[in-house]
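**Q** With chain A held as given, fit chain B onto it using these hints.
Chain by chain, the residues:
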Amino acid sequence: MFLLIFLLIPIIAAVFLFIVKKETSSNAIAISAGLLTLLGAVYIAVNKIDNFDATWLLSINSRFVLQADGLAKILVLLTAISFPAIFIATQKNQIQNKNSFLGLMLLTQAGLMGVFLAGDALLFYFFWELALIPVYFLCSIWGGEKRIAITFKFFIYTFLGSLFMLIGIILVYSNTPDHSFLIESFKHASLTNGQQLAAFALFFTAFAIKMPIFPLHTWQPDAYEQSPTAVTMVLSAVMVKMGLYGVIRWLLPLFPAAAASHAHFVIVLSLIGVIYASFIAIRQDDVKRLIAYSSIAHIGLMSAALFTNTSIGMQGVLVQLFSHGINVLGLWIIADVLEQQTGTRSMKALGGLAKKQPTLAILLVGFAFANIALPLTNAFVGEFLMFNAIFQFNPWMAAIAGVSVVLAAIYTLNMVQKIAYGNISEATSAMSTPNKSAQAVLIVLLVIVFITGVYPQPLFNMTADTLHQLFVK
Amino acid sequence: MKVIIGLIVLWPLAGFLFNGLGRNIWSKKTIAYKATGYIVCSFIFSILAFFNVQSSGAATVHFFDFINTDTIKIPFDLKVDALSSLFLLVITGVGSLIHLYSTAYMKDEEAPHYARYFAYLNLFVFSMLLLVLGDNYVIMFIGWEGVGLCSYLLIGYWFTNATYNYAAKKAFIMNRIGDLGFLLAIFWLIVKLGTVSYGTVLTAESLAKLSTTDITAITLLLFVGAMGKSAQIPLYTWLPDAMAGPTPVSALIHAATMVTAGIYMITRSNILFSASEFTGHVVAIVGISTALLSATIALKQNDIKKVLAYSTVSQLGYMFLGLGVGAYSGAVFHVITHAFFKALLFLGAGSVIHAMHHEQDIRKMGGLKSKLPITHITFLIGCIAIAGVPPFSGFFSKDEILSAAFAKSPVYWVLGVIGAAMTAFYMFRLYATTFLGQFRGTEEQAHHLHESPVAMTLPLILLAVASAIAGAIGIPELMGGHHWLSHQLIPIVGEAHETSLSHTTEWALMAASVSIAVIALFIAVQKYKRQADDEPHSALGKFLYNKWHVDELYGNAIIQPLNKFAGFLKETVEKNIIDGAVNGTGKLVQYSARKLRLIQNGQVGYYILFIVIGIIVLFLCWFNDIAILHFLSYLTKKS
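So the protein sequences, as listed, match chains A and B. According to my numbering, the first sequence holds residues -7 to 465 in order. According to my numbering, the second sequence holds residues 21 to 659 in order.
For reference, chain B alone in the conformation it holds in the complex:
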């Protein structure tokens, strides 16, 4: 098992080193084969690990001690269990497809940059694997910041573009704010429990050692970390900007894997989170608020990737709603299905952008259905899946979250369904505007419209199949299913809570949410199948189009004041007050020296006076039998 786990992690690392160090040596073909091949190898070993867990249970392997001192021990241990083995499959599986897709999507890049791109992408997979495989919070944190680094590097991949650089920086800094919360939670655990290993922390014995305040504080701080990484209010604004990166990056990092790290973290720590009612409410409220806020913004965006980005933020919000109401397996389920359909949608968008020669504005598209048949049909499948139409995958996972939310509070359910309706609406607005109606682009674009090569369409097809059928892993018992996933996760999150809902209620809720979504979907198709959205006229339309002005708010209320404060410290406090005092002291010494110098004026009378004073002082000292040293210690004794 040690070898298998080691290799899962080492393949992507090898790819990073190979491409990173050989960026000026290898041909693009070599780079593409190695980068993709290594991830596929990692996927194969992940499958082995998965079946190993199925047959013989979880396994922890020790590699070395990361930190081992008298006071603290942090082993470099990796662990595969039911939860991490699922994440392994998603990361390396979807990762392989996206690497394959990238080989074609990035083909216009020069070889050194092509190598750089794949090096970053491999490093990302490595970090993400560490994040989910680590057996303690510090290893998770290593992966956590590692994926942040790769996200930064890939968002700013086209580094000559200043806007992209700002987006990259913004992503890293916002994530760092979250990371600080995560770090403080780790310190808190160390102070109280002396360890960060899951095996010790996540047990009933440890829980008994922690006060309610401890648990609430630790879980809230962990959640702050999750807010950053998984783009929740108030730390979500980096994710839409992160679309500056190449589209496959958006698919892998900013949709399928990295942004779900927060869900992984909370699911992993579910014992702690379940112990704090208060945190549960906070998580659920932040989740549903984020889901609704970003869904409203998505209604009015015209950039194909921006719509998908806000949609991602919104779907992540649903997952946090699930976590907040205790539906851990539902949240993980949605992570998995979302990974498929959102990766599919992003890659589909990439295929469209590729065909349209880097046009991302859907108002200038339309009618692509016939020109891009494979992209069209797979994109449609993705839209149906995310809209929650049965029997596609998104339906099952979203329904599980919604019914758990209803059991907690019907208000959550109502809000969730409103969000689901908006989701269906904006996704089909996107679909209809892009693929239906007349082509609205330029002559030249029309001339060059073409379906993407196999390396790009193959991942689309595979992901479309997965998006369609992945619901099968979690068919609820209500429908005569067995819910394989929730049984899988019993070792991690315990038996799924029996909801108090009757079967009739569950059927009714399901019917209600599905029909509302389907109605929204049809309205959107009807409205947008012929023409695109105009510029927003109404105040509300403009408000949504401008994303609730949150970026401006942050700029005016936080960034500018801090910047001014820094300027004040630099110009006034540092230069005038502190350094002024230092220089003032120096000047005072020089000044008094100039004045005292005048005492030596050559008049013998003065000299004799000072000699006499000196002699008197000496005598005094002598009389008291005090040498200079003792005099000194005498003084200090008094103090």
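Bound conformation, chain A alone:
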């Protein structure tokens, strides 16, 4: 029951925002709903929570099951941290129809958490789409100049993936012993090799587009660039995790044989993406596109580690799901403050931030080094374990993937140099007083970066049960 109430918090707040027309307190409502959810998420993270199970679609035997295991906990926690952080950090941004904007954001949050908590395939699919639809409106109404075309492409691309997944779900469902959508039934579905392969391909396409895996990634930089930054933060910190989550929750346990026989293919593709995106990031001048490509590289590494099908790789990914979200959120908030205050995202035009707003520059350096996985930042823990897994799989691949460690240093330090150092540029000189609320959020996030980087054990403990399920039979 707790999980249902928990899931309803953002939905109720969203409905409330849609009804109330007054915009004076819209920020306050969204922030309090976000913080309340965060409280719930922390409670879920540290306790053992009973599943919620209710009849839903009786005729086809689909149930409304919510469950919180380690995998769900860590992603729900990430989601619950991200949304209030975004609300607080961007509260000063000028947005028309703020109520609708925030309402849609809260609906997205509910959809995302539903995805992570769902224990029934149809329910999972329902939330998967529920998360996408508000984002479509957010991007196409409040986005940048090219928003219509870009959002259309983004929507069609990911929706196409979703449809494949739906077909896959129906395929597995029709072969379950008890004709049910529950995960357990899905695991016991009797699929022939050919069917398993087909289902694997259908699910994989959906997840590969969402992550995204090279070469299915081109919607992402455009979407990140054109979305309002608050939405970009959601997309990048949380929404891309849906793809990885799907692989861990559905793909690997359901189709182990097909996953194993295609591991090589997926890993090679992922690693090509890692190197490819890192190289492109070097040549970006737009801060948002740079972060976008950097994120593609990081996600590619996670996808490669997942498909090594090793316990150490899975452990790395479980931690990195969380860490990547925190780090990329920090970078986006900084990018947003810069864009709001200087009016530009071009790094050529920036410079001298360390003189103009030293605190923000320090925070930038902090997140930059988390982005390149410096030891004692959170990302090192995950990347260390993931690289280990790839090395176990094939040392040469680890060596090649390792090149991204150097490339990441190049593009990240380029960014720091161009934004923070040098003399104050014209654009930077236009910056007004520091955005205190954004800085406060950044400081909290940076504290998380270092705490989980120095002592990641709580994250390991939180996700131990997922690991056991997957690797100890």
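Don't read these hints as lab results, they were simulated from the structure. Each residue gets a CB set at the ideal place from its N, CA and C atoms; glycine is no exception. Among these hints, one or two may not hold up.
[Said to hold, decoys possible] Here are the computed distance ranges between Cβ atoms for each label pair:
1) S424(A) <-> E591(B): 35 to 45 Å
2) E176(A) <-> E591(B): 18 to 28 Å
3) L616(B) <-> D42(A): 35 to 45 Å
4) L155(A) <-> N603(B): 47 to 57 Å
5) Y128(A) <-> V23(B): 53 to 63 Å
6) G634(B) <-> I52(A): 45 to 55 Å
7) A422(A) <-> K549(B): 15 to 25 Å
8) G634(B) <-> S17(A): 52 to 62 Å
9) S166(A) <-> G622(B): 34 to 44 Å
10) G634(B) <-> L49(A): 24 to 34 Å
11) L49(A) <-> N603(B): 31 to 41 Å
12) A456(A) <-> P254(B): 15 to 25 Å
[To be verified] Every beta carbon over 10 Å from chain A, so not counted as near; a handful from chain B, in silico:
13) H82
14) T89
15) G300
16) H301
17) V593
[What the hints assert, rightly or not] One side only, chain A facing chain B, incomplete, derived with CB under 10 Å:
18) F144
19) F206
20) D214
21) S303
22) A346
23) N406
24) Q449
**A** Same frame as chain A, now just chain B:
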């Protein structure tokens, strides 16, 4: 012991947090006292730890588990033993002096930047201590990248200067290339042994589990890490550029401590390195080549700090030569003596630069002997020590390496002595041009010439004393000494190998190398005591002056092609090919939709035709008793 080790590490960390968080609050005086005081505290506890090791042996303390999962366990353990306790003393001892020196050297900085400087410097000491105290390779790696971070931050300390920023970035990236090698070595160890703790990895049992290929690969990869951090060919070009940082930083990080991390790493892993003949040769050859290459470059440089930087690269090369031929204690010995005399030389250079109002070109100096008496005499001591003149410290450590090299191969020895001669030459060229002859600077500079304050001269004096007498810790038995250091290091590197050399040979080698160095030294003084070097005329002179054009080579052969490749990926592959294919698919759908739309043309005949086709398809399905779903699975079964 846990408390002592914990505090050694925590004092500098506290200093970092205090100065970093309070940069807008504290006065410069508070900052200076705290920053220096904390390092001195750390030094005091290091002395305690050292004597503890002397009396009751090595100690390992467990703090918490950094990573503890089903598959891998990496404890956060710190260990003091004979090797790390020596490094502790050098790091915190020299560190304290350099902090003290910095309080005066950086006094013109505004308070927030002053705090920032000391915060970085404290953080550096913290990271360096982790590096040498860690009880496994992952903790070492944490410190390893941590010192890289601090080096980056301090090289780019004056962040409005674009050149300095490039130098900082270059240092970090080149180090990262090395770090990748280190990381791969760690993964290799984990795959083969399941652990990275020294206590398990560095034992005969583990060695037996590793194949020759494993050992060679692991040691070579570790050495790649060392190449980056300790500036060896081909990853050395960042170190001369790193001189962009404030001079005390160059002394502490880029001479005395951080750059010797590679030597520490290999000495720590000596069991592995001794097991691979091949790696030993690679290390020795890279070491001696670096020593010679950078010595030739140092002959022609005119920037006081650049000469010292190339000299550092060269001396590090000697240390690797020592490691490569198995003279681990000799290499550590040279690390210690080098820490003293090179820190001294850098701080002396800082004192000169300070007096000359940020002039670093030695051609515009000259005759500083009388104006800067303390700087002069201490600098001279440093030069004698590095040139290897007995009984100063550099003589003993360099001689130990050279005689071990001779035992391995006389070629190493010959090359080493050539390098030593060049060292003596360029150091005394530097000394004579700077301190002897007539003053060649401006009137105004001459007017302002002054000796530095006590906070700066005191460290110079203490380091000069150390540079002069530190050889005492390793007087060879040949000279009736006891070689305290090599006895110290027996638990780490084992009994020193008895060289096959007779005493006569050893004396002869020593006499040869010393006399060659002394001759080179006198030639340099004679040549430069009156005038500075001109612009180089000869082709060779220009070639050396331009540092063998290695930076240009890297730029043209590596950086530019990669940059172009990245541009090609961005502009052509990404935009036209991949995204083009995606958009093309979209357009194709739209196109076919436009065409198919024409089927709905309002003519009833067409409609009836399609209805009939539809009915036939439905019937077919029905006849085969195939629902849509089963049809689908049917298809996939076939595949």
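**Q** Any of the earlier hints contradicted here, and which numbers?
**A** Structure breaks hints 2, 3, 4, 6, 7, 12, 14, 17.
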